[in-house]
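Chemist: Sequence:
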Amino acid sequence: MPRSQVTVGYKIWLSADGKAFGEGPYLLLQGIAKTGSLRQAAREMGMSYRKAWGILRECEKKLGFTLIERKVGGSSGGYSKITPSGHELMKHYGQFCDEIKKSIDNAFHKNLDAFVKSQKIRHIHK
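Residue numbers (this note's numbering): 38 to 163.
If you're looking for bench data, these hints aren't it; they were derived computationally from the structure.
Careful: at least some of the hints might be erroneous.
[Stated by the list, open to error] Distance condition first, Cα-Cα at most 30 angstroms in a straight line; then the derived BS3-like pairs of lysine-lysine:
(1) K118 to K128
(2) K154 to K56
(3) K154 to K139
(4) K99 to K118
(5) K154 to K128
(6) K147 to K71
(7) K98 to K88
(8) K138 to K48
(9) K139 to K56
Using the sequences provided together with the hints, build the complete structure.
Modeler: Structure (structure tokens):
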């Protein structure tokens, strides 16, 4: 019988009266940076515009600052633009997550790698 693959699972988020910012909003902001459109970013993530807008509004409310500026469409079309504070949050949150991922991977290898190998279980880091 094939053995299961052992993975390290975790989620990282910022809290302020509950979850304030995490991977989902981070990916939404990345999508907006790429496409210039909240609607397109939401579509690429498989969610409705309304849900995406609600997520970002809730983040803004809990964090206390604006993440995106929106211009409603018209003849020239609308757009969404990440605010300077939003860009700073993305930068620092991304760096923080990268450091945490490295630390978790190092801790796994330091503490569990030999055991996993002795059991012939394959480790895959998410």
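Chemist: Is the Cα-Cα distance between K99 and K118 30 angstroms or less?
Modeler: holds (20 angstroms)
Chemist: Hint check: K138 vs K48, CA-CA at most 30 angstroms. Holds or violated?
Modeler: holds (10 angstroms)
Chemist: Just to be careful, I want the Cα atoms of K154 and K56 compared with a cutoff of 30 angstroms; is the pair within it?
Modeler: violated (36 angstroms)
Chemist: Does K154 pair with K139 here, judged by a C-alpha cut-off of 30 angstroms?
Modeler: The given pair, whose Cα atoms are some 20 angstroms apart, holds under the 30 angstroms limit.
Chemist: Checking one constraint from the list: CA of K154 to CA of K128, max 30 angstroms. Satisfied?
Modeler: Answer violated: K154 to K128 is near 36 angstroms, above 30 angstroms.
Chemist: For K118 and K128, compute the direct alpha-carbon distance and say whether it is at most 30 angstroms.
Modeler: Answer holds: K118 to K128 is near 15 angstroms, not above 30 angstroms.
Chemist: With a cut-off of 30 angstroms on the C-alpha distance, tell me whether K98 and K88 pass.
Modeler: With Cα atoms ~15 angstroms apart, K98 and K88 stay inside 30 angstroms; holds.
Chemist: Has the given pair, K147 with K71, been kept, meaning a C-alpha gap of at most 30 angstroms?
Modeler: violated (37 angstroms)
Chemist: Hinted pair, alpha-carbon criterion (30 angstroms max): K139, K56. Please report holds or violated.
Modeler: Distance of about 23 angstroms is within 30 angstroms: holds.
Hints 2, 5 and 6 from the list above are not met by this structure, while the remaining hints are.
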